[in-house]
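A.B. asks: Let the hints inform the model, and build the full structure from the sequences given.
Number of protein chains: 4
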Amino acid sequence: MGAKIRLGILGGGGDSLIGVLHRVASSMYDQFQIVGGVFNPIWEENIGFVEKIGLPTNRVYIDFDTLIEEELKLPEEERMQVVSILTPNFLHFPMAKKLLENGFNVICEKPMTTTFEEAKILESTLQKSNAVFAVTYTYTGYPMIRQMREMIANGDIGKVQKIDAQYYQGWINPIIHDKEKRANTWRLDPEKGGISCCIGDIGTHAFDMIEYVTQLRVEKVLADLNYVYSDNKMDVDGTVLLHCTNNVKGLIRTSQIATGEENSFSVNIYGEKAGLKWQQENPNHLYLLEDGQPLRVLKPGHVYNSELSLEGTKLPPGHPEGIFDSMGNIYKGVAKAIRNEPYNHGEFPTMTDGVRGMNFIERAVESHQKGNVWINID
Amino acid sequence: MGAKIRLGILGGGGDSLIGVLHRVASSMYDQFQIVGGVFNPIWEENIGFVEKIGLPTNRVYIDFDTLIEEELKLPEEERMQVVSILTPNFLHFPMAKKLLENGFNVICEKPMTTTFEEAKILESTLQKSNAVFAVTYTYTGYPMIRQMREMIANGDIGKVQKIDAQYYQGWINPIIHDKEKRANTWRLDPEKGGISCCIGDIGTHAFDMIEYVTQLRVEKVLADLNYVYSDNKMDVDGTVLLHCTNNVKGLIRTSQIATGEENSFSVNIYGEKAGLKWQQENPNHLYLLEDGQPLRVLKPGHVYNSELSLEGTKLPPGHPEGIFDSMGNIYKGVAKAIRNEPYNHGEFPTMTDGVRGMNFIERAVESHQKGNVWINID
Amino acid sequence: MGAKIRLGILGGGGDSLIGVLHRVASSMYDQFQIVGGVFNPIWEENIGFVEKIGLPTNRVYIDFDTLIEEELKLPEEERMQVVSILTPNFLHFPMAKKLLENGFNVICEKPMTTTFEEAKILESTLQKSNAVFAVTYTYTGYPMIRQMREMIANGDIGKVQKIDAQYYQGWINPIIHDKEKRANTWRLDPEKGGISCCIGDIGTHAFDMIEYVTQLRVEKVLADLNYVYSDNKMDVDGTVLLHCTNNVKGLIRTSQIATGEENSFSVNIYGEKAGLKWQQENPNHLYLLEDGQPLRVLKPGHVYNSELSLEGTKLPPGHPEGIFDSMGNIYKGVAKAIRNEPYNHGEFPTMTDGVRGMNFIERAVESHQKGNVWINID
Amino acid sequence: MGAKIRLGILGGGGDSLIGVLHRVASSMYDQFQIVGGVFNPIWEENIGFVEKIGLPTNRVYIDFDTLIEEELKLPEEERMQVVSILTPNFLHFPMAKKLLENGFNVICEKPMTTTFEEAKILESTLQKSNAVFAVTYTYTGYPMIRQMREMIANGDIGKVQKIDAQYYQGWINPIIHDKEKRANTWRLDPEKGGISCCIGDIGTHAFDMIEYVTQLRVEKVLADLNYVYSDNKMDVDGTVLLHCTNNVKGLIRTSQIATGEENSFSVNIYGEKAGLKWQQENPNHLYLLEDGQPLRVLKPGHVYNSELSLEGTKLPPGHPEGIFDSMGNIYKGVAKAIRNEPYNHGEFPTMTDGVRGMNFIERAVESHQKGNVWINID
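Protein chains in written order, with my numbering: chain E, 1 to 378; chain Z, 379 to 756; chain F, 757 to 1134; chain X, 1135 to 1512.
No lab work stands behind these hints: they were computed from the structure. These numbers were taken from a predicted model, which means no experiment stands behind them. By construction, the Cβ of each residue, glycine as well, lies at the ideal position given by its N, Cα and C atoms. Mixed in with the good hints there might be a few duds.
Said to hold, decoys possible - FRET-style restraints, in silico, Cβ to Cβ:
| hint | chain 1 | residue 1 | chain 2 | residue 2 | range |
| --- | --- | --- | --- | --- | --- |
| 1 | X | Thr-1379 | F | Gln-1035 | 39 to 47 Å |
| 2 | F | Glu-1122 | Z | Ala-561 | 38 to 46 Å |
| 3 | X | Pro-1209 | F | Ile-803 | 22 to 30 Å |
| 4 | X | Asp-1149 | E | Asp-378 | 45 to 53 Å |
| 5 | F | Asn-1096 | X | Gly-1182 | 56 to 64 Å |
Stated by the list, open to error - Straight-line Cα separation of at most 20 Å, SDA-like style, residue types lysine to any residue; simulated pairs:
| hint | chain 1 | residue 1 | chain 2 | residue 2 |
| --- | --- | --- | --- | --- |
| 6 | E | Lys-220 | X | Lys-1504 |
| 7 | X | Lys-1313 | X | Glu-1353 |
| 8 | Z | Lys-570 | E | Thr-125 |
C.D. replies: See below:
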């Protein structure tokens, strides 16, 4: 593998969640090293953030154009190899275009652009380059989604005959019913958010997922969207009927007024032989339904999974991937202690926990060996 | 926050899962930087591994004693601040002891030592130092476990009156029934694995968890272990009855012959007012049972959670923490593409996916605006 | 309450499941007594069936018209008070009409008629009578559906803003892809099954359920149905977009080619304050989703339920209603034994089970009293 | 089959839930006819109850001894063939004994007697008779429990190696912590409730279930019970370690202070090849865990189930058995309407529901046929 890939980042500073997500993800397989970027348009915040996260500051740039200019001056073996674009949506297109034109590989957050027109221009820009370009439809990275794709490709469910994808959230509910709030939310402002709110933000995930797992193409759509109020200019809910290749019918259901729903994204594909179902909020379970057979629940890391699925699993069966976060939280507590920052008892297990654990093991064995009698621990 | 904490690592090279877990966890909050260590006792593998994961090689040492010696020569502001011990169990004790005696902070995998005697020695070593020491009982880092602890401390379930923890696995099943295999598995060899297999490996997690969430102390134990075969010297299953402080009774149930179970660790605590239940394989759900009330399911990231719980959550509600892994898998695919390594279509979303997504959004809105009619995509 | 209501039954003989369902249901609250009917058009099977189920044979009639004629000769206090229609669909209309015209109360299986035209005629027939008329949209009888209706009426979820009902089955999948089979299935024959297969059979349940729980009215529909093959004349899958009163949008999704689905009927209603979700395959759980609150799971029989819901619950919380069936199975085993019919060990618990149980209780208490020691049972 | 079996009932009058359960169960397979009994020790309530449930009153007796005396005077072909004992526990033994001695078949609620001594006497009484005797350990009647038993007998999970049964309730929690209440609850009074509360009431179910599904015998027990307060004389919680035939170890966990638990009865059996898990609150799912295979979920009514299991299933897959209750509730509403008793809209579906349903079907098909356009319903 050799040296790590040199990664630059645009945006994602401050408390940005998408920033955390990309930084952690880039570290996961020991493949990338963040070498610089523009994390914030305000210089003080830009440099302050970099110091806060403990990165070298020498390749933090004042703005995007400077980044391009300065990086191009560096010898190729030092230059950023790939740049991740985490900025507001309207900047995705100009940044991606210029990066591609200057020979950088690109990882771009979704939506890739704000219009289809821009998207097609970007596509032709890419065709003229040798670059790698990725849009982060994140959910396609799940091991069980990869498994689903390969099982369908493999004919495990037969010819696909019915598609149903749901993406329900409730977050816009407290906004939409308040005249003031709905007038002042950027997501509901066509100037800032583009042509669509609900379809644009989450409908695309469902669309991409359907084409990803089935490898069919959606050929035409019929949509009924909901704007709820006449003074509201952006859809916050919508159902889209689909006609796909191979005469397959299906639908995408999206909502941001499904009150109380968090991130309820699910995809159900039925074929002539069996059906497959997956839910984002429980991403380790893939359900296989077959006539006359018990329901089967496939999970990551098992030998019955495809190579592509297994390559995306880092842990043995039974460990939800969130274990990384749990361990991460313990490291975070240790960091506070080392830095002499205040922390609560309970942020990481201490020596005392270790000592008590050893005592427990020995006393339990002693109890058994003495014929199942009570042994004191304390 | 300032510069990152300088972290050294002992063990965890090659394909070690525990190595991946600690590396990813250490990167999660932008707090630690791995500066060196001893990843493998064989020098070629040690240095090869470090090159593979793209770390600088200048502070990779030939063995543990050399690491201590050389690091001590460095000025304090360059020296490793904390060392993680991921080596085989019998090395935990001598390494941790020497590190503490030389002023290093320590993160130690569990079991902390191989005997209670060693554990007590280590404890007194720590008392003579100023070091921070953590044992990685990883499961206590979950946001909903922290929430459970704080709710109990807060009196939300009243005085605790019943404890039941389960840790069931099935992995030893194919080994235990094969005379050859069970004679040659290190976990079943008292020379290598210590006094206990099942209680030592997973029973301790349950024990620590009970004391963590309830803040009670187990006072005495009565155990019935199962060795299954008379020529087998280590327990592979066991039930331990508990008497805790405050006259609370409970039990720990552990098994490695619960065929088909993956990592079925759960903890149920019942109080005079309500009960709390948690399962490791579904770590984002905390169940609150109260007489005359609907069952409530608490999830991470919500305002109703405690500060300690929220501090351990990086994403908004509805995103299982595994999303990091999903994004990590996409970065992994991009890395292959950048390095010109072979990869399959489907390892990361491409420009085409981005273009189709933009097309979908615009066509869906068009269909709605034209009165819910079909619009072609392809 | 006084004497039981005299019930007549049309159809439901032989192995008819719908027959079992109505007989058991009619006995549940000690309210009805089956006094006669026409269970089968063939006289031998009709009378044979009545003997088999142990009913008196004196009011079993040769056909429907005879039933009407003979029952009308009886004094009113002996005459059937209500007649249940369980015959093939096309007979529902003429039978219901004649019954109403002759002063009988009617319980009619769904679909009530084969056309909307017939339905309107029947409605005006009813208006001219004093009769009670019920259509058995069975699912509205569930305690948690009643609870859902009352919570919505009560404003617990605020103004309804989004409706999504699903009814997915897979049973037609093995038929639809076989040219011979699909040509010879009565459900797919417009002459016998009416205008629609999927919408008619299960879509109506979803439609009725939506209007039942929300008390809104569907005002207009837009449907995309799927016939799969051009030689197939009846829909086997379909999505119907809904516009309801109060400007509420929603949809009904139905399928009989959702391979592997059994009877996956669910209804999700989202309001401005909260959402409610219910699934027929797990009918005792009603999910309440509210922003900033833990997910709540309501179950039957609890004090927090409405009177209407509680009236439909016969058992304390925690007992799935299926307990009746479990006890019914034990009675069935006992019946075989009493009749000296062959049966397997395990069809009902015997004296031996009773004796062992008493022994277990006494030995467990003895073990505890002697200080947690082993006591032999055998 | 011929005429129904003549059933007498002792106890179960008034609002008794166990009375409802036995009456409904006895009607389920058209096998039994209730001909009389003693439903209440007070004559007015006895006869009043029988009138209320619409049974003939001619064979309702003033007390148990009179029942025996009078029934014996009847010719054998009219005499009660079987008597169900639903009276308080201490009456089970004398009633069962006398019934058996007089040639009646018996169905007896659990616990069969109040002491092991009585149980053994009853057993020898039975041996001298030809009677059929059943104890209603109701849970063994579930189709998936029968399936579990047969799969284990069939070797599907290999030799059993680990048993774990749980029966957790929380109902005694509000009683046990109130000195007054716990002194005045009959279940906690050894004079009335026998030697044990928790083990006696629910522990026996777990014990019977284990022996039922595994066909192993428990050989010895070690128990740790909990009385919580020193003035409380009956156990309300307890763990019982088990050693069974074939050197199988296991445990039974019972509690009535597991606050918030309703009727959380589960049984997990692990064998050398696979494991089987079942939970009473979700009785239609049987989980099969096998190394290297997806988790499988078996459900009632499928072809893959055993004959014994299928015999206990009355409906097709996907219909929870509770559908009987749902239909029963609709019949209940109709009964009110026929009797001119007050009832709420929503207690049964009416003509209007039927008409709207037909309208919906026709409009949905029309929308599709006209090219997916909106069609008005109202």
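A.B. asks: Failing hints, ascending?
C.D. replies: 5, 7 and 8
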